[in-house]
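From first to last, the protein sequence lines stand for chains A and B. All letters in the first sequence, in the order written, are residues 1 to 425 by our numbering. All letters in the second sequence, in the order written, are residues 1001 to 1312 by our numbering.
Honestly, I wouldn't trust all of these hints.
Unchecked claim - In the BS3-like style, the derived pairs of lysine-lysine whose C-alpha atoms are separated by at most 30 Å in a straight line are: (1) K1046/B to K268/A; (2) K205/A to K1180/B; (3) K1060/B to K1039/B; (4) K316/A to K1079/B; (5) K205/A to K1158/B; (6) K408/A to K1060/B; (7) K1068/B to K1079/B; (8) K205/A to K1226/B; (9) K1068/B to K268/A; (10) K189/A to K1226/B; (11) K189/A to K1158/B; (12) K205/A to K1068/B; (13) K1030/B to K205/A; (14) K313/A to K1038/B; (15) K313/A to K1226/B; (16) K268/A to K1039/B; (17) K316/A to K1068/B; (18) K313/A to K1006/B; (19) K316/A to K1006/B; (20) K316/A to K1120/B; (21) K189/A to K1204/B; (22) K1123/B to K313/A; (23) K1060/B to K268/A; (24) K1158/B to K1046/B; (25) K205/A to K1120/B; (26) K205/A to K1046/B; (27) K1079/B to K205/A.
Said to hold, decoys possible - Per the computed footprint, the stretches of chain B lying under chain A, defined by three or more beta-carbons under 8 Å from a beta-carbon of chain A, are: (28) 1087-1097; (29) 1114-1124; (30) 1132-1139; (31) 1211-1223.
Hints listed in this document are in silico derivations from the structure and should not be mistaken for laboratory results. Beta carbons: idealized from backbone N, C-alpha and C, even for Gly.
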Amino acid sequence: MLIRFKGARIVDPGNIDEEQDLLVKNGLVHALIDPAAEDPEPEVETIDVTGMVLVPGLIDLHVHLREPGHEYKETIETGLRAAAKGGFTGVCPMPNTHPVNDNAQITRFIVDRAKEIGLARVYPVGAISLGLKGSTISEYGDMKRAGMVAISDDGRPVENSQVLRRAMEYASGLGLPVISHSEDLSLAKDGAMNEGIVATRLGIKGIPNAAESIMVMRDIAIAELTGARLHIAHVSCEESVDAIRHAKERGVRVTCETAPHYFTLTDKAVADYDTNAKMNPPLRTEADRLAIIKGLADGTIDMIATDHAPHSKLEKEVEFDMALFGIVGLETSLPLSLKLVQDGVITMETLVEKMSRNPAEFLGMDNRLIPGNVADITVIDPDRCHVIDPATFVSKSRNTPFSGMEVKGDVFLTMVEGGIVFQRS
Amino acid sequence: MRFEHKDILDIESLSVQDISMILDTAEGMKEISKRPVKKVPTLRGKTIVLFFQEPSTRTKSSFDIAAKRLSADSISLSKSSSSIVKGETLIDTARTLEAMNPDIIVLRHGCSGAPHLIAKRVKASVINAGDGIHAHPTQALLDLMSVKERKGKIEGLKVSIIGDISHSRVARSNIIGFTKMGATVTVSAPGTMIPRGIEELGCKVAPDIDSCIDDADVIMMLRIQKERQESILFPTEREYSNLFGLNSERLKKAKPDAIIMHPGPLNRGVEISNEVADGNNSVILDQVTNGVALRMALFYLVAGGSRNVDTI
C-alpha cells in the first residue's frame, strides 16, 4: 500500500524546502513527486495535508521515561504515547531510572519494551558512572551492544574531573558521545530556583548562573583535553552560551541543547511558589532568556530538547523547597518552539534542524526524506491555535508551567516507519 | 471600614491603610493586658490552631496569650505532635485540621511559601508566624507598632537593619513594611549576608555599620545564628562582633534618641552588648509586650471585627 501526503510544504534541511507530495511505501520514503502528478499506482491512500509542513520525524535527545522504577510518574508506554502526540518519532531516555541504566540488562529491557510498544523509537542514554555515583565507570561497550547511544549522569554532574576525563577517553574509543548535566553542586547547594531578586523576595535559596557555567567551562576543558564528543544538556544561562560559543570557535567538539521553558519563561513564573515552575537548571532572568534565543539564532545552540521530567502530584503539591525539580515537555515542545519561527527568530528550516536533523546526526542517523530512508515523519499544522490544557495530556503526569497558555501551531500527524502513530482528528 | 483580608501571609499583600488599621486596632488592645482580669469575651467560641513546625517559644507564647485574652480556644500542634513525622503532607495535615472547623490557623514553617500553600486550600484564616526565610509579618507589624509608639510616626524615619539579611524573614518583612509606611531603610552586614537584588525591595545597602547608625532613628539588630557558621558566612563570632556588633562605644555615634530593637532571642556579646540591650535606648521588651496586643488585633480583624474596639 502506498501512502501519499498531499499538499504539504516539505521542509528537510539541506535537502528540500518546497511543496511536494511525499510517497511512503513499505515503511520507507518511496518518492517525492510534483503535487500535480497522477498517482503512480492504483492503490493509494491519500492524506490531505494541504497548508501543513511535513518534516523528518522530531527527535528529543533528553527525556525521562521513569521506567523501570517510577512507573507511577510515567511508563515507557505513556511516555512514548506523549512523544507520538508531541510529534517525536524518537526519544533518548536518561539513565536515572531505578535501578539506574548502568548495565546492559537495563538497557536491553528499555529497548525491548519500547519495541513492543512501537509508538516511537527509543535510544537509551546509559550512565557514565555506576549508580550515578560519579566514581566507577559503567560497561559502555556491553551497553552499546544492547542499544545505548550516549552516556550521561543526567540529574547529577560527575564532580570528580579525573573520573569525567577517563569516561570521556573511554567513551571516545567506543564512538560514544558524553552528555553533561553541568552543575557545581557546592554553589547550587540547597538552591531551589534562580538566584536573584525573585528568589530574594520569595525567600527561596538561589542557584546562581555560575553553578552552571563553571561546569560547562570545565566540561569543555576536559573535552578539549581528551578530544571526546561533548554535548551540554539543558543550557539555561547567558554565560554557558558564551562559553560554548567560544569553544566552538576554537574547534572543540561540543554541541548543546536548550529546552523550550528556557526561551519561553523567566524566574518570574515562580511567583506565588508555583512548583510547576521548578526545574533544574532553574528558569533564569530575561537577559538569560534573550541570550538563549540569540544562541539558537546564531547556531551556538544546536538542539531543542524537552528534559521531559514527569512527576506526580505527590512530589509537586508540597512546599516549594520540598518539591522535586522538573516539568513535562513532550506535548508542549513543538508549539512553544514554533513561536520562535512566528517571531522571526529562526526559520522553519532551522527549527527542523534543531528538533530533528541535528539530534539525528548526533545519533549518527541519516533521517533525510530521500527515497529508501525509513519513513519517520512529522506533519505540523502551523495554524492551529489552542490553549495548553494539562487535562488533555496523555503523559501520566501534569506538571507543566504552561497551563492556560495560548499557542499557535501543533502536531497534525506522526509516522514511525510508515505507520501512523498519532493523527489529530 | 472592615478588614478585607482572609489571611495574613506577608507584608507585601497589605496596603498602607490595612497596616494603619492593624496598628490602630493593636493600640486599642494594649489596655486589655493591663487590666486585673486580662480577658475579654470577644472571640469566645472561636478556635485557633497554633501549628508550629519549627521550634519557637516566644512567638508561640505570644500568639497563645493573645488568643486566650480574647477568650478564643487555642490548641497547639508541633512537628513532633502532628502526623508530619508519620509522613503526612502539609496539605493533608491542613485539610485534616480544616475538617475540625478551626477559625484561624497560625502557621510557622521552615519552608518559604508554606502558609501560601495551605491558605489556598482551607477556609480558615491563615496567619503566617514565620515561613522559611521569606516573611514574618506579625513581627514586622509589632516592630512598626513599637516604633510608632516611641517616635509618634513612621514616615520620614531612618531605619537601619544590621545582621544576616540573607537568611532573615524578619529583615525582609521589615524592609517592606517600613518602606511602605514611608521610612527609609538601610541594611548592613558582611557581603555573605546581603542577598542579591535586596535593593529592589526598597532599601539601601551600607558597607559598614558605622555609616548607617550615625543618622538612624531606629537601629534594628538581627540575631546571628551560630549554626550558620558552617555555611561560611563569617569567620568567627569575635570578628563578627568587632565589625558588626552594637556596643556602647559604637552607640555613641548614633543620635541620642535613636531606639534599639531586636526580634530576639538575643546573642548577648555577639550582635549586641549587654549595656546596649539593657540600656535606655532599647525597646526590646516593648516589642514583646506589643507583640501580644498586635496579635490580638490580627485575630480580632481576621475573625471579622470592625475598626471600632471601644466596645471590647
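Hints versus structure:
1. Annotation: proposed proximity of K1046/B to K268/A is violated, straight-line Cα distance about 38 Å (limit 30 Å).
2. For a cut-off of 30 Å, the pair hint linking K205/A to K1180/B stands: about 25 Å separates their Cα positions.
3. A threshold of 30 Å between alpha carbons decides the hint, and for K1060/B with K1039/B the separation of about 18 Å falls inside it, so the pair holds.
4. Between K316/A and K1079/B the CA atoms are separated by roughly 21 Å; this keeps the pair inside 30 Å, and the hint holds.
5. At roughly 29 Å between alpha-carbon atoms, K205/A and K1158/B fall within 30 Å of each other, so this suggested pair holds.
6. For the suggested pair K408/A and K1060/B, the alpha carbons sit about 53 Å apart, so the restraint of at most 30 Å is broken.
7. With a C-alpha separation of about 22 Å, the suggested pairing of K1068/B with K1079/B holds against the 30 Å cut-off.
8. Proposed proximity of K205/A and K1226/B is supported: the alpha carbons are some 19 Å apart, at most 30 Å.
9. Taken as a hint, the K1068/B and K268/A pair is broken in the structure, with Cα atoms around 41 Å apart against an allowance of 30 Å.
10. Among the hinted pairs, K189/A with K1226/B is consistent with the structure: their alpha-carbon atoms are about 19 Å apart, no more than 30 Å.
11. Between the alpha carbons of K189/A and K1158/B the distance comes to roughly 36 Å, so the proposed pair goes past 30 Å and is violated.
12. Between K205/A and K1068/B, the direct Cα distance comes to roughly 37 Å. Violation of the 30 Å bound is thereby established for this hinted pair.
13. Proposed proximity of K1030/B and K205/A is contradicted: the alpha carbons are some 38 Å apart, above 30 Å.
14. For a cut-off of 30 Å, the pair hint linking K313/A to K1038/B is broken: about 47 Å separates their Cα positions.
15. Taking the CA atoms of K313/A and K1226/B, the gap is about 37 Å. The hint is violated against a cut of 30 Å.
16. Between K268/A and K1039/B, the direct Cα distance comes to roughly 46 Å. Violation of the 30 Å bound is thereby established for this hinted pair.
17. Taking the CA atoms of K316/A and K1068/B, the gap is about 37 Å. The hint is violated against a cut of 30 Å.
18. Distance hint between K313/A and K1006/B is fulfilled; the C-alpha atoms sit about 26 Å from each other, no more than 30 Å.
19. As the CA atoms of K316/A and K1006/B are separated by approximately 25 Å, the hinted pair is consistent with the 30 Å bound.
20. At roughly 15 Å between alpha-carbon atoms, K316/A and K1120/B fall within 30 Å of each other, so this suggested pair holds.
21. Annotation: proposed proximity of K189/A to K1204/B holds, straight-line Cα distance about 28 Å (limit 30 Å).
22. For the hint pairing K1123/B with K313/A, the CA-to-CA distance comes to about 22 Å; that is within 30 Å, so the pair holds.
23. As the CA atoms of K1060/B and K268/A are separated by approximately 33 Å, the hinted pair breaks the 30 Å bound.
24. Distance hint between K1158/B and K1046/B is unfulfilled; the C-alpha atoms sit about 40 Å from each other, more than 30 Å.
25. Pair hint K205/A plus K1120/B holds up; C-alpha atoms about 23 Å apart against a cutoff of 30 Å.
26. For the proposed pair K205/A and K1046/B, the alpha carbon gap of about 37 Å is over 30 Å, so the pair is violated.
27. A C-alpha spacing of about 23 Å is found between K1079/B and K205/A, which places the hinted pair at or below 30 Å, so the restraint holds.
28. With a cut-off of 8 Å between beta carbons, the stretch 1087-1097 of chain B has 3 residues touching chain A; three or more are needed, and the interface restraint holds.
29. Counting residues of the stretch 1114-1124 of chain B whose C-beta sits closer than 8 Å to any C-beta of chain A gives 3, which meets the bar of three, so the coverage hint holds.
30. Figure legend: the stretch 1132-1139 of chain B, annotated as covered by chain A; annotation consistent (4 residues with Cβ-Cβ distances under 8 Å, at least 3 required).
31. Coverage of the stretch 1211-1223 of chain B by chain A is violated [criterion: at least 3 residues with CB-CB distance below 8 Å; count 0].
Figure legend: structure checked against the earlier numbered hints; hints not met, in rising order: 1, 6, 9, 11, 12, 13, 14, 15, 16, 17, 23, 24, 26, 31.
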